[in-house]
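Engineer: Construct all of the structure, not just a fragment, from the sequences and the given hints.
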Amino acid sequence: MEYNFRDIEKKWQDWWKENKIYKVSKDSSKPKYYALDMFPYPSGVGLHVGHPLGYIASDIFSRYKRLKGYNVLHPMGYDAFGLPAEQYAIDHGIHPAISTEANIKNFRNQLDKIGFSFDWDREVNTSKPDFYKWTQWIFLELFDSWYNRQTQKAERIKQLIQLFEEYGSDVPGVKPYAFSFTNSGWKSFDKKKRQEILMEYRLAYCGIGEVNWCEALGTVLANDEVINGVSERGGFPVVKKKLRQWYLRITEYADRLLEGLQKVDFSDSMKEMQGNWIGKSSGAEIDFRVRIDESVKETKETSSSDPSIEVVHVTITETEADESLRVYTTRPDTIFGVDFMVIAPEHELIDVITNPQHKKSVEEYITYVKSRSERERMAEKKITGVFTGAYALNPFNGRAIPIWISEYVLAGYGTGAIMAVPCGDQRDFLFAKHFNIPITNIIGSHFSGEEANPTKEAILQNSDFINGMVMKDAIDVVIKRIEEMGMGARKVNYKMRDAAFSRQRYWGEPFPIVWKNGIAYPLDEKDLPLELPHVDSYKPGPEGEGPLANIPEWTSRHLETNTMPGYAGSSWYFLRYMDPHNDKEFCNRKASDYWGQVDLYIGGTEHAVGHLLYSRMWTKVLHDLGYIGHDEPYKRLVNQGMIQGSSRFVYRVRGTNKFVSFGLKDNYQTDRIHVDVNIVDGVELDTELFKQWRNGDYMDAEFILENGKYICGTEVEKMSKRYFNTVNPDDLCIKYGADTFRMYEMFLGPVEMSKPWDTKGIEGVHRFLKKLWRLFYDDSPLSDKKGPGTKLWTDEKANEAELKVLHKAIRKIEEDTERFSFNTGVSAFMIAVNDLTDLKTHKKEVLEKLLILLAPYAPHISEELWHQLGNSDSILNAEYPTLEAKYLIESSKEYPISINGKLRTTITIPLGAPESEVEQIVLANEVIQKWLEGKPPKKIIYKEGKMVNVVV
RNA sequence: CCGGAUGUGGUGAAAUUGGUAGACACGUCAGACUUAGGAUCUGAUGCCGUAAGGUGUGGGGGUUCGAGUCCCUCCAUCCGGACCA
Numbered sequence: 001m002e003y004n005f006r007d008i009e010k011k012w013q014d015w016w017k018e019n020k021i022y023k024v025s026k027d028s029s030k031p032k033y034y035a036l037d038m039f040p041y042p043s044g045v046g047l048h049v050g051h052p053l054g055y056i057a058s059d060i061f062s063r064y065k066r067l068k069g070y071n072v073l074h075p076m077g078y079d080a081f082g083l084p085a086e087q088y089a090i091d092h093g094i095h096p097a098i099s100t101e102a103n104i105k106n107f108r109n110q111l112d113k114i115g116f117s118f119d120w121d122r123e124v125n126t127s128k129p130d131f132y133k134w135t136q137w138i139f140l141e142l143f144d145s146w147y148n149r150q151t152q153k154a155e156r157i158k159q160l161i162q163l164f165e166e167y168g169s170d171v172p173g174v175k176p177y178a179f180s181f182t183n184s185g186w187k188s189f190d191k192k193k194r195q196e197i198l199m200e201y202r203l204a205y206c207g208i209g210e211v212n213w214c215e216a217l218g219t220v221l222a223n224d225e226v227i228n229g230v231s232e233r234g235g236f237p238v239v240k241k242k243l244r245q246w247y248l249r250i251t252e253y254a255d256r257l258l259e260g261l262q263k264v265d266f267s268d269s270m271k272e273m274q275g276n277w278i279g280k281s282s283g284a285e286i287d288f289r290v291r292i293d294e295s296v297k298e299t300k301e302t303s304s305s306d307p308s309i310e311v312v313h314v315t316i317t318e319t320e321a322d323e324s325l326r327v328y329t330t331r332p333d334t335i336f337g338v339d340f341m342v343i344a345p346e347h348e349l350i351d352v353i354t355n356p357q358h359k360k361s362v363e364e365y366i367t368y369v370k371s372r373s374e375r376e377r378m379a380e381k382k383i384t385g386v387f388t389g390a391y392a393l394n395p396f397n398g399r400a401i402p403i404w405i406s407e408y409v410l411a412g413y414g415t416g417a418i419m420a421v422p423c424g425d426q427r428d429f430l431f432a433k434h435f436n437i438p439i440t441n442i443i444g445s446h447f448s449g450e451e452a453n454p455t456k457e458a459i460l461q462n463s464d465f466i467n468g469m470v471m472k473d474a475i476d477v478v479i480k481r482i483e484e485m486g487m488g489a490r491k492v493n494y495k496m497r498d499a500a501f502s503r504q505r506y507w508g509e510p511f512p513i514v515w516k517n518g519i520a521y522p523l524d525e526k527d528l529p530l531e532l533p534h535v536d537s538y539k540p541g542p543e544g545e546g547p548l549a550n551i552p553e554w555t556s557r558h559l560e561t562n563t564m565p566g567y568a569g570s571s572w573y574f575l576r577y578m579d580p581h582n583d584k585e586f587c588n589r590k591a592s593d594y595w596g597q598v599d600l601y602i603g604g605t606e607h608a609v610g611h612l613l614y615s616r617m618w619t620k621v622l623h624d625l626g627y628i629g630h631d632e633p634y635k636r637l638v639n640q641g642m643i644q645g646s647s648r649f650v651y652r653v654r655g656t657n658k659f660v661s662f663g664l665k666d667n668y669q670t671d672r673i674h675v676d677v678n679i680v681d682g683v684e685l686d687t688e689l690f691k692q693w694r695n696g697d698y699m700d701a702e703f704i705l706e707n708g709k710y711i712c713g714t715e716v717e718k719m720s721k722r723y724f725n726t727v728n729p730d731d732l733c734i735k736y737g738a739d740t741f742r743m744y745e746m747f748l749g750p751v752e753m754s755k756p757w758d759t760k761g762i763e764g765v766h767r768f769l770k771k772l773w774r775l776f777y778d779d780s781p782l783s784d785k786k787g788p789g790t791k792l793w794t795d796e797k798a799n800e801a802e803l804k805v806l807h808k809a810i811r812k813i814e815e816d817t818e819r820f821s822f823n824t825g826v827s828a829f830m831i832a833v834n835d836l837t838d839l840k841t842h843k844k845e846v847l848e849k850l851l852i853l854l855a856p857y858a859p860h861i862s863e864e865l866w867h868q869l870g871n872s873d874s875i876l877n878a879e880y881p882t883l884e885a886k887y888l889i890e891s892s893k894e895y896p897i898s899i900n901g902k903l904r905t906t907i908t909i910p911l912g913a914p915e916s917e918v919e920q921i922v923l924a925n926e927v928i929q930k931w932l933e934g935k936p937p938k939k940i941i942y943k944e945g946k947m948v949n950v951v952v
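Just so you know, our numbering puts the end of the first sequence at 952, numbered straight through with nothing missing.
Treat the hints loosely; a few may be bogus.
What the hints assert, rightly or not - For lysine-lysine, the following DSS-like pairs were computed, each having C-alpha atoms within a straight-line distance of at most 25 Å:
#, residue 1, residue 2
1, Lys-844, Lys-886
2, Lys-584, Lys-23
3, Lys-590, Lys-26
4, Lys-11, Lys-771
5, Lys-153, Lys-495
6, Lys-935, Lys-804
7, Lys-32, Lys-721
8, Lys-133, Lys-516
9, Lys-691, Lys-658
10, Lys-755, Lys-718
11, Lys-23, Lys-128
12, Lys-808, Lys-68
13, Lys-808, Lys-886
14, Lys-590, Lys-635
15, Lys-930, Lys-893
16, Lys-158, Lys-584
17, Lys-360, Lys-370
18, Lys-770, Lys-791
19, Lys-133, Lys-105
20, Lys-105, Lys-635
21, Lys-30, Lys-280
22, Lys-526, Lys-590
23, Lys-192, Lys-242
24, Lys-808, Lys-771
25, Lys-886, Lys-105
26, Lys-770, Lys-808
27, Lys-158, Lys-187
28, Lys-456, Lys-491
29, Lys-844, Lys-812
30, Lys-935, Lys-902
31, Lys-193, Lys-158
32, Lys-175, Lys-193
33, Lys-760, Lys-709
34, Lys-886, Lys-68
These are computed hints drawn from the structure, not numbers from a lab.
These numbers come from a predicted model, not from an experiment.
Structural biologist: Below is the structure:
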């Protein structure tokens, strides 16, 4: 009897479905386990072999946990709102709801073939009104909340109003408003003013933000749709445009998001990434008075020591300062090393302080900067900037410091202005060198003059009252002095900014907000969901608003025309799986208390900062408001690596129809063309399939072969349709079966690691499953003719050698599964099957347990053989075998013996032998004697159970 | 530029705690069986060398009896950087 995987897999997939083997419900008799995958965006091109990697890992772990006695929640759904569907609608006129539905069907089909243990009764779809009703509802909760800095919790807006009514704006816990007001002040404000103030506190709030606006396309573009200041499509100019935007006040949660990292099991690199993104830094804000009047006089001369340096002498007639410039610095200790100030090109003081003589150059510079994205500004090495003609005064010694504008200072961080210390900061240093600004050295020999030195250990010089102090100690001294003088304050800053929460697009959740007289009113809960209306055109509105602005029925109700971003639904979907059909609540508290945190979350690192931070914030808010009992959504996070494509190329001789093999291509002038990896075997092109490829575009191709073969060139690239390097899991499931496919994906390497896909090795895994099958059945062509006696298994008692193989496998596979080392787990199965084959073991006692071990990895074949052995229940309800260490005890070990750390021989020595005896055995050894050359050893290092090293 | 990761045979990789580098596979080579083999089985396989032996984990340096593993430094590749998801 042969291993007929096609019939077996179909049979059991149907059986599992019929018997609802994967249906899960609350069960307090077992401990719960929640294993979750990051749900996919159902794109039009379907799954490629990279997608299921994480799903297979979590599926193995879910089945493993179930066998170990847990009640396992393992759901799947679709993150179905998003730009690609909308773009597809624009290009093909097909409504996103329809294309999305079709894509989901296709995804589901593909997923089903791989044999996952998802409980599909719990499927979620973020674009369905019954789901996004609750996304909108949570948005309203955010809208109706503010962050109390004293209790460090989200609280209701009505509590804030109470505080304002009772005490005015200056209350502990309430972040300072732009100006302070008293309780009677609050009462004197009109409704609009009050709402304006409250908007500054809401966790979901409306403000003015900049977007990439492309006039020619009449639309707002994503950052990565903008390249070098022009649109990716069409190359039209893109400018910054101010638009009304929604934001999440995630910055208020910065500290809690940072602290929360300590109580979750994420990789260190993941925690580091999130930490860096939050970017907490402490320092001070310092006010510099600014001089812009006629009293400033500049005279220039060349430095006596270095003729390339131009020294500018500034004389200032003492008058009152006109303005003050606030900077943020983490290094107040370097205040006497400040040689210039730099403000962001968007800084509001620019118009005020720019000296008329410099006005033209400043305007030109700002126009140039406007055309560039923030990303480009951060990325480019080019040093640019312009002098404003204004000077700031050092608060301690009154020194006049020129104020420059440069794009390397970002408006969104700190105060959008910095004090530049060229001897200590490399960017400042390069800027000073580029514009010939003289550099003050406050760190003596620590500064080479060649590059900046950001040390905190140097002893300060040229620094007035902090001379002679170590820099890190001077930080507090300076801050205290500044606070005493009323020139600034200690300040903690975060790189993280509030998250933009609106998009000028169609295919997203509508905001349940109505605008009246410039005031945002939430819709009533009973009016939810606010359903996305049908549109005929996906063109943006007249002022760059979303397409909803073109619908009269929408605008006449004064509904918000923006929609929510892609990450809205994904910020809370893991809660919906717990109670997916509830139409009264987003998730019943009893359900969320039972399932609690996601015990295992698997997904790509690309979500390291976006999705993971947003969903952590939403969880914290829902926790603060009392809707759920935990405030971190994910207990353990595992990041799967990206599977890259391995592209194949053919080389066409220019101007001909001839294709030359890789090794000979240098003899010709050729063009490199991507060729479908699926018509290439390893690197050898199937020339016949190539001729039929792309509907016969290459029908008349001729080939220049090497050794009778056409060899392709290769390169690792992103897996993508356009590189023809995508491999479809369906094809592999048909050819080798789902079990082979699952195990091969795992066998490829560690789950966390990125690696290029190569189908070549899949045969090895398939052979392993066939070999396993042969432990149960004789599959030789003769056996079937001999009658039904092809089964091989027996009820004989297993011997010690066989039990040793089994228990070695139990130990190794359990260990590897627990630590997510599935690749070595698969190899442990191979070793076990190889060993059992060598021992000619066909004993049920051993094989049955091996099947249970294998069930998480290869569920179909395990279920089939399990039933063949006479069991009638699913193998998933079997009991996981327990390790019996007694079968693994060894009495001796083959020790590696090295001389000076170099391995020279191995000797088998009984375990537990005393050190003196081991030394004797080692020194008596022939090989060792030869290497000792009669000399006595200096030292012998013996590590029991490990090795022996003889030092000569 | 900033942040994160990775680098080991012809290939994917293993080495969990500083202790026999290359497990397990793919591929290749040789052989067996067979009408046949793209099935199966056996053996070999890091590199140099007939061998003894030498050498070997991106490059350079260090710590150690001992380094793929720890430290410093340089190089290369991949991922992310807020409206792609």
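Engineer: If a hint holds in the structure, say so; if it doesn't, say that too.
Structural biologist: Structure-based check of each hint:
1. For the suggested pair Lys-844 and Lys-886, the alpha carbons sit about 20 Å apart, so the restraint of at most 25 Å is met.
2. At roughly 23 Å between alpha-carbon atoms, Lys-584 and Lys-23 fall within 25 Å of each other, so this suggested pair holds.
3. The hinted pair formed by Lys-590 and Lys-26 meets the criterion: a straight-line CA distance of about 10 Å does not exceed 25 Å.
4. At roughly 21 Å between alpha-carbon atoms, Lys-11 and Lys-771 fall within 25 Å of each other, so this suggested pair holds.
5. As the CA atoms of Lys-153 and Lys-495 are separated by approximately 21 Å, the hinted pair is consistent with the 25 Å bound.
6. Between Lys-935 and Lys-804 the CA atoms are separated by roughly 43 Å; this puts the pair beyond 25 Å, and the hint is violated.
7. For the given pair, Lys-32 sits about 40 Å from Lys-721 by alpha-carbon distance, which is inconsistent with the 25 Å threshold.
8. Among the hinted pairs, Lys-133 with Lys-516 is consistent with the structure: their alpha-carbon atoms are about 23 Å apart, no more than 25 Å.
9. Between Lys-691 and Lys-658 the CA atoms are separated by roughly 12 Å; this keeps the pair inside 25 Å, and the hint holds.
10. At roughly 10 Å between alpha-carbon atoms, Lys-755 and Lys-718 fall within 25 Å of each other, so this suggested pair holds.
11. Only pairs whose Cα atoms come within 25 Å are accepted, and Lys-23 paired with Lys-128 is accepted, the gap being roughly 22 Å.
12. For the suggested pair Lys-808 and Lys-68, the alpha carbons sit about 18 Å apart, so the restraint of at most 25 Å is met.
13. Only pairs whose Cα atoms come within 25 Å are accepted, and Lys-808 paired with Lys-886 is accepted, the gap being roughly 11 Å.
14. Restraint check for Lys-590 and Lys-635: the C-alpha separation of about 19 Å stays at or below 25 Å, so the hint holds.
15. Taking the CA atoms of Lys-930 and Lys-893, the gap is about 23 Å. The hint holds against a cut of 25 Å.
16. Restraint check: the Cα-Cα separation between Lys-158 and Lys-584 comes to about 24 Å, which is no more than 25 Å; the hinted pair holds.
17. Between Lys-360 and Lys-370 the alpha-carbon distance is near 16 Å, which keeps this suggested pair within the 25 Å criterion.
18. Taking the CA atoms of Lys-770 and Lys-791, the gap is near 14 Å; set against the 25 Å cutoff, the hint holds.
19. At roughly 23 Å between alpha-carbon atoms, Lys-133 and Lys-105 fall within 25 Å of each other, so this suggested pair holds.
20. The hinted pair formed by Lys-105 and Lys-635 fails the criterion: a straight-line CA distance of about 31 Å is larger than 25 Å.
21. Under the criterion of a C-alpha separation no larger than 25 Å, the hint pairing Lys-30 with Lys-280 is inconsistent with the structure, at around 42 Å.
22. Our distance criterion of 25 Å between C-alpha atoms is met by Lys-526 and Lys-590, whose separation comes to about 23 Å.
23. In summary, the hint linking Lys-192 to Lys-242 is supported, as the alpha carbons are separated by about 22 Å, within the 25 Å threshold.
24. About 19 Å separates the Cα atoms of Lys-808 and Lys-771, which keeps this hinted pair within 25 Å; it holds.
25. Between the alpha carbons of Lys-886 and Lys-105 the distance comes to roughly 51 Å, so the proposed pair goes past 25 Å and is violated.
26. For the suggested pair Lys-770 and Lys-808, the alpha carbons sit about 22 Å apart, so the restraint of at most 25 Å is met.
27. Distance restraint check for Lys-158 and Lys-187: the Cα-Cα separation of roughly 15 Å lies within the 25 Å cut-off, and the hinted pair is therefore satisfied.
28. For a cut-off of 25 Å, the pair hint linking Lys-456 to Lys-491 stands: about 19 Å separates their Cα positions.
29. With a CA separation close to 21 Å, the supplied pair Lys-844 and Lys-812 stays within the 25 Å bound.
30. At roughly 17 Å between alpha-carbon atoms, Lys-935 and Lys-902 fall within 25 Å of each other, so this suggested pair holds.
31. Our distance criterion of 25 Å between C-alpha atoms is met by Lys-193 and Lys-158, whose separation comes to about 16 Å.
32. Using a Cα cut-off of 25 Å, the hinted pair Lys-175 and Lys-193 holds, with the two alpha carbons roughly 17 Å apart.
33. Between Lys-760 and Lys-709, the direct Cα distance comes to roughly 18 Å. Compliance with the 25 Å bound is thereby established for this hinted pair.
34. A distance of roughly 22 Å separates the Cα atoms of Lys-886 and Lys-68; the hinted pair therefore holds under the 25 Å criterion.
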